[in-house]
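A.B. asks: The listed protein sequences correspond, in order, to chains A and D. In this text, residue positions in the first sequence follow numbering that gives the first Met the number 0: the first is 0, and each later residue adds one. In this text, residue positions in the second sequence follow numbering that gives the first Met the number 0: the first is 0, and each later residue adds one.
Just so you know, the hints here were simulated from the structure itself, not pulled from any lab data. No experiment lies behind these values; they were computed from the predicted model shown. For glycine and all other residues, C-beta sits at the position ideal for the given N, C-alpha and C. Check each hint, because a few of them may be wrong.
[Unchecked claim] Facing chain A, a subset of chain D residues (Cβ under 10 Å, in silico):
| no. | residue |
| --- | --- |
| 1 | HIS47 |
| 2 | ASN49 |
| 3 | LYS137 |
[What the hints assert, rightly or not] What follows is a list of derived Cβ distance ranges for each label pair:
| no. | chain 1 | residue 1 | chain 2 | residue 2 | range |
| --- | --- | --- | --- | --- | --- |
| 4 | A | HIS194 | D | PHE312 | 22 to 32 Å |
| 5 | D | ASP298 | A | GLN369 | 46 to 56 Å |
| 6 | D | SER293 | A | GLY218 | 48 to 58 Å |
| 7 | D | ASP331 | A | GLU111 | 24 to 34 Å |
| 8 | A | HIS47 | D | HIS291 | 50 to 60 Å |
Here is what each chain is made of, one letter per residue.
Protein chains: 2
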Amino acid sequence: MKTILILGAGLSASSLIRYLLENSTIYNWKLRIVDQDIEMVNRKIGGHPNGMALSFNALDANERRPEISAADLVISMLPARFHVKIARDCINFKTNLITPSYISAEMADLNEAAKDAGIVIMNEIGVDPGIDHMSAMKIIHAIQDKGGKVTSFKSFCGGLIAPESDDNPWNYKFTWNPRNVVLAGQGGASCFLDHKEYKYIPYNRLFSRLAKIDIAGYGSFEGYANRDSLSYRRTYGIDDVPTIYRGTLRRPDYCQAWNVFIELGMTDDSYKMENSETLTPRSFLNAYLPYHLSRSVEDKLKDFLREDRIHLFEKFEWLGLFEKDEPIGVHDASPAQMLEKILVDKWKLGKEDKDMLVMYHEFEYEFEEQNYSITASMVNIGEDQMYTSMANTVGLPVAIASKMILNGDLKTTGVTLPIQPEVYNPILEELESFDIRFVELETQLDCLITNKDIL
Amino acid sequence: MKTILILGAGLSASSLIRYLLENSTIYNWKLRIVDQDIEMVNRKIGGHPNGMALSFNALDANERRPEISAADLVISMLPARFHVKIARDCINFKTNLITPSYISAEMADLNEAAKDAGIVIMNEIGVDPGIDHMSAMKIIHAIQDKGGKVTSFKSFCGGLIAPESDDNPWNYKFTWNPRNVVLAGQGGASCFLDHKEYKYIPYNRLFSRLAKIDIAGYGSFEGYANRDSLSYRRTYGIDDVPTIYRGTLRRPDYCQAWNVFIELGMTDDSYKMENSETLTPRSFLNAYLPYHLSRSVEDKLKDFLREDRIHLFEKFEWLGLFEKDEPIGVHDASPAQMLEKILVDKWKLGKEDKDMLVMYHEFEYEFEEQNYSITASMVNIGEDQMYTSMANTVGLPVAIASKMILNGDLKTTGVTLPIQPEVYNPILEELESFDIRFVELETQLDCLITNKDIL
Chain A
0 MKTILILGAG LSASSLIRYL LENSTIYNWK LRIVDQDIEM VNRKIGGHPN
50 GMALSFNALD ANERRPEISA ADLVISMLPA RFHVKIARDC INFKTNLITP
100 SYISAEMADL NEAAKDAGIV IMNEIGVDPG IDHMSAMKII HAIQDKGGKV
150 TSFKSFCGGL IAPESDDNPW NYKFTWNPRN VVLAGQGGAS CFLDHKEYKY
200 IPYNRLFSRL AKIDIAGYGS FEGYANRDSL SYRRTYGIDD VPTIYRGTLR
250 RPDYCQAWNV FIELGMTDDS YKMENSETLT PRSFLNAYLP YHLSRSVEDK
300 LKDFLREDRI HLFEKFEWLG LFEKDEPIGV HDASPAQMLE KILVDKWKLG
350 KEDKDMLVMY HEFEYEFEEQ NYSITASMVN IGEDQMYTSM ANTVGLPVAI
400 ASKMILNGDL KTTGVTLPIQ PEVYNPILEE LESFDIRFVE LETQLDCLIT
450 NKDIL
Chain D
0 MKTILILGAG LSASSLIRYL LENSTIYNWK LRIVDQDIEM VNRKIGGHPN
50 GMALSFNALD ANERRPEISA ADLVISMLPA RFHVKIARDC INFKTNLITP
100 SYISAEMADL NEAAKDAGIV IMNEIGVDPG IDHMSAMKII HAIQDKGGKV
150 TSFKSFCGGL IAPESDDNPW NYKFTWNPRN VVLAGQGGAS CFLDHKEYKY
200 IPYNRLFSRL AKIDIAGYGS FEGYANRDSL SYRRTYGIDD VPTIYRGTLR
250 RPDYCQAWNV FIELGMTDDS YKMENSETLT PRSFLNAYLP YHLSRSVEDK
300 LKDFLREDRI HLFEKFEWLG LFEKDEPIGV HDASPAQMLE KILVDKWKLG
350 KEDKDMLVMY HEFEYEFEEQ NYSITASMVN IGEDQMYTSM ANTVGLPVAI
400 ASKMILNGDL KTTGVTLPIQ PEVYNPILEE LESFDIRFVE LETQLDCLIT
450 NKDIL
């Protein structure tokens, strides 16, 4: 019997736990699942005999080390900043480790030690990062294997609301950490490469310089640039690619409207507002609009939007930004915290709502003096509030990789991520059985027309 | 004979040194002037028998302490961050101190110790801060003394180029630290009060939400908001004033054009550009504009400016932003550093150029159920490259305060700034003899029309 230790059983662990429990009888696995909320763990185990809920503090080395020592595989679903501590223990006890998070510099430094210990520390194997790596590498390798050369790679991902649950004018609800959504894009310019030119987009234009995407059957999307696109050149082995761009997807007009918040200054997290606890949505908005003796806040926002953006007005109205009856009620709050409070109430997932994960890659490549384009799109819709698309797309690749490690099918050691065919091929194949599948379309390019020309 | 120790003899100390030397014979003063550049000090002393140039390192406590101990007054013209060390020594040796800089929290903490030592540490007595405090307090006290109530205070200051030297389309040259000009307004929203409403302007709109000012004989100006306006309520004893705003003046269209740099992202100092040493002005600009197969950088900037800002185009052309022959040549540079390098070459003061300091206050007050407005404007033009307006307006109030302290006419002790009538009245009066004078205009307001309605 093999023991899997799962640290952290929050939202994104639901599908992981279900998969591992469902396969535990065939493969002879035992799951020990640690979370401070033991009732939630027990709900997710659902009485399965191979699951055991534990409520110790995974951050306490004395409590966690005996468990890591006794396990065959550790899966850390903790916040990313804790992974390195776990990894050091795993190296000491020669226990394999999986995390869905980005490889930090500190984690990368453990590569040799992990190899010496003969273990694998597999990272970036959820979604963005994870499925994006695997699906992109599969296409890049196919192009390279036949002797082609990738000339452009653009890739987009978005956690959105499913069409059947899409019932507000923003076409958006929170399916992930609201604070990250409010602060998205802050902290420096977004950088990418376009025809060998380094391009920088500052925060104040990030949500207005958009890429347009259409996905058959799912309609239109707009993408804004992620902070870092450049590092993917090395990761994907396309160091000299002339164009590389990664972005985040939203439904049309979301970004343009969000940019209004940015322009107004309402997403700033760097200072506290005076008397924030007394501000109503209306007075919060009015703090970013000029004083006027007689014009209403509504009229002043319309002035600000000008004619070319006036169609966005209803989005702000729907958020209740003109309401003046009750304060938002956050003490000593930054504008970003005030805005988050307003949005959390309005963009809450309803009980029957389903989320949707959208991924879209666009490659261009040269082969035998011809240019080709390949698009690959994946749209996945969540099952319910427990097995969301986010939980499935994060948890299932982690779960499948777990199976491969425990079965001895994954032989890599060291600190790694899923960019080798022996890792991504079986995972992508099995993901299709969960309806996580990419639709690929290849075309020969006579002239360079793409459906994203605004970058 | 009394000894004045001057620490730092850079640009803003020229007029200070001249004044003190000219008065040294009458008042029996001896000046000891410390600067690493002893030749510059000797040029400023010009052979005057009462001036002595010293080149020790003022930051070395062992070198400076004997000098401070032997002096009757220390004037620190060092960068502001060094003042507190000097102040501690002055307290130990019971030597009076003057600095033109803002009172830091650390400096404020020395108030009791300075009082106990029986010395005055006079700060904020140059220009912005300095003359602005004195001229504003004089009017505020006059309003309050007759029983009036200040209802609005707006105040502007700008270091500009004199009309006779104003020969470029930006109507601006560097008369002060270029880096501060490039980074102006960064680091948080600007906050002010307008009719009791707290208003916040984020950096991305700071240079587009402008106040318009006209000064008879000097034409039009535009003001953008300073970061902090609110703290002046307490300093000036107008805690409940419904409107308070402080801003920086530029000539018309400067701000709108500067905002183009901000929108593009070219003032960002938070990251380094890839291969910055290879970038020409043209490729630097192009890094912030979208790729296009056939449109020129000129055309892309015109697209960006759109019709309503196309009149600004010549400003960018004049800066040489489209030049592609030579790299700007800064290694590992942030966008802000690249831009600064371009501007320093173009906005350099010519040998015959004169600078200009402009200050403008606008008060509104209630008295006996009537509303009144008082404007006070001051325009001062520099003499030459040594005795600039900046040097005169910073150095002369410091010099006059020095005379008052040495003559026993300034009896305050502790850490203070020039907001008491016994300090500001004689200084403002004497400044008039140097053509630093305010023109006041009082009007009764029937309706509230001001010449700044865009805030």
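A.B. asks: Compare the structure with each hint and give your call.
C.D. replies: Comparing the hints with the structure gives:
1. HIS47: Nearest chain A Cβ about 49 Å off; hint violated.
2. ASN49: At about 49 Å, which exceeds the 10 Å cut-off, the nearest Cβ of chain A leaves the hint on ASN49/D violated.
3. LYS137: Cβ of LYS137/D sits 28 Å from chain A, so the hint is violated.
4. HIS194/A / PHE312/D: 22 to 32 Å: Given a distance of about 25 Å, which is inside 22 to 32 Å, the answer is holds.
5. ASP298/D / GLN369/A: 46 to 56 Å: violated (31 Å)
6. SER293/D / GLY218/A: 48 to 58 Å: violated (31 Å)
7. ASP331/D / GLU111/A: 24 to 34 Å: Given range 24 to 34 Å: holds, Cβ gap about 30 Å.
8. HIS47/A / HIS291/D: 50 to 60 Å: holds (58 Å)
Checked against the numbered hints listed earlier, the structure breaks hints 1, 2, 3, 5, 6; every other hint is satisfied.
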